[in-house]
Every structure is written in structure tokens, then in C-alpha cells.
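K.L.:
Sequence:
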Amino acid sequence: MKNMKRWFIAVFVLVGIMMFFVGCGKKGIEGEWVLVKEVTGTGETLSKKDLEKLGVSETYTISGENVHYVLEMSLNNKPIEIDFTLEDLGDGKYNFKAEDYTFATVTVKGDKMTYTAGQGETSSTMTFERQ
1 MKNMKRWFIA VFVLVGIMMF FVGCGKKGIE GEWVLVKEVT GTGETLSKKD LEKLGVSETY
61 TISGENVHYV LEMSLNNKPI EIDFTLEDLG DGKYNFKAED YTFATVTVKG DKMTYTAGQG
121 ETSSTMTFER Q
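With the working numbering, letter number 98 in the sequence shown gets 98, and the count goes up by one each step, no holes.
Note that these hints are calculated values from the structure, not bench results.
Don't be surprised by glycine CBs; every beta carbon is placed ideally from N, CA and C.
A few of these clues could be false.
The calculated DSSO-like cross-link candidates involving lysine-lysine, where the alpha carbons are at most 27 Å apart (straight line), are [said to hold, decoys possible]:
| # | residue 1 | residue 2 |
| --- | --- | --- |
| 1 | LYS93 | LYS53 |
| 2 | LYS27 | LYS97 |
| 3 | LYS93 | LYS112 |
| 4 | LYS93 | LYS27 |
| 5 | LYS48 | LYS109 |
| 6 | LYS27 | LYS78 |
| 7 | LYS49 | LYS112 |
| 8 | LYS53 | LYS97 |
| 9 | LYS53 | LYS27 |
| 10 | LYS93 | LYS48 |
| 11 | LYS78 | LYS49 |
| 12 | LYS48 | LYS27 |
| 13 | LYS93 | LYS78 |
| 14 | LYS37 | LYS27 |
| 15 | LYS37 | LYS53 |
| 16 | LYS37 | LYS97 |
| 17 | LYS93 | LYS37 |
| 18 | LYS109 | LYS78 |
| 19 | LYS53 | LYS78 |
Label-pair distances were calculated between CB atoms; the ranges are [to be verified]:
| # | residue 1 | residue 2 | range |
| --- | --- | --- | --- |
| 20 | VAL70 | TYR101 | 13 to 21 Å |
| 21 | ASP91 | LYS53 | 30 to 38 Å |
| 22 | THR125 | ASP91 | 13 to 21 Å |
| 23 | SER124 | ASP83 | 28 to 36 Å |
Taking the hints into account, I'd like the entire structure generated from these sequences.
P.N.:
Below you can see the structure in the form of C-alpha cells.
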């Protein structure tokens, strides 16, 4: 009986360890992403609070190969919505594509997703967090 109890404890611990490591695997890109920071090409940093004060909200919802983008601005009566196709480039990098046009190449590290749009002083580096 004592050996059987040890065996059950060992199996329980082993299963717990396996579940821990499976749960710690890469999350990938799927999920909902919300804009939390924007850094302009001139060096200006806008925090989530700054963006809220400006009435700007950007969200990506990603499932499978589908990327749904929503931009809400206080200046617009209704949100701007665009659908893209996801292209996995490997190593945490992805393209958001509309037909043959690449809208953005994003990098995912854990629960952060970033990309830069534009060039030079007219560029913006966007940082999104997984919700």
C-alpha cells in the first residue's frame, strides 16, 4: 500500500510538471491586441492614456489566418475596420497582408506585438499588448 501511494504521488507530480511546461509554450499571435504605446519618428511617445485623451483606439483580433483591425477615433462617427490575411514568417515575425500588399510586418515577443509604419520623421512604432 505504501508503494502504491508513492507511485500515485510520483505520477501526480509528473503530470503536474508536464502541464506546467505545456502551458509555458509559445502563445503565438492569436488573440486580441490593443494599442498601448506609439513612438513617432520625431521621438514623441504617446502612452495608452495619451491615446485615450486623443480619442484613438486600435485593436487587432487574430484567429487562424484572419486579422481583423479596428481603428476608433473621436473624429469619426463609426470605426474603421479592415481585414487582412496573416502570413507567418517564422521566429515571431508575421505579415498582415491585403491581397499582394503587405500592410505591416509585426514582431511578437510574449504578450507584446510591435511594428513600424512609415519612414523617418513620419514613421510611428506601434506597441500592442495581448488582452
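K.L.:
State for each hint whether it applies.
P.N.:
A quick look at each hint next to the structure:
1. LYS93 to LYS53: Not OK: LYS93 and LYS53 at ~31 Å, beyond 27 Å, violated.
2. LYS27 to LYS97: Since the Cα atoms of LYS27 and LYS97 sit roughly 21 Å apart, the hinted pair holds (cutoff 27 Å).
3. LYS93 to LYS112: holds (12 Å)
4. LYS93 to LYS27: This hinted pair holds, its Cα atoms lying about 13 Å apart.
5. LYS48 to LYS109: holds (19 Å)
6. LYS27 to LYS78: Roughly 32 Å separates the two Cα atoms, so the pair is violated.
7. LYS49 to LYS112: The hint holds at about 18 Å.
8. LYS53 to LYS97: violated (30 Å)
9. LYS53 to LYS27: violated (31 Å)
10. LYS93 to LYS48: holds (24 Å)
11. LYS78 to LYS49: Roughly 21 Å between the alpha carbons, so the hint for LYS78 and LYS49 holds.
12. LYS48 to LYS27: Satisfied, since the Cα-Cα distance of roughly 23 Å is no more than 27 Å.
13. LYS93 to LYS78: violated (31 Å)
14. LYS37 to LYS27: holds (21 Å)
15. LYS37 to LYS53: holds (13 Å)
16. LYS37 to LYS97: Holds, at about 23 Å.
17. LYS93 to LYS37: holds (19 Å)
18. LYS109 to LYS78: violated (32 Å)
19. LYS53 to LYS78: holds (18 Å)
20. VAL70 to TYR101: 13 to 21 Å: holds (19 Å)
21. ASP91 to LYS53: 30 to 38 Å: The hinted range 30 to 38 Å holds for ASP91 and LYS53, with Cβ atoms some 36 Å apart.
22. THR125 to ASP91: 13 to 21 Å: For THR125 and ASP91 the Cβ distance comes to about 19 Å; the hint holds.
23. SER124 to ASP83: 28 to 36 Å: violated (22 Å)
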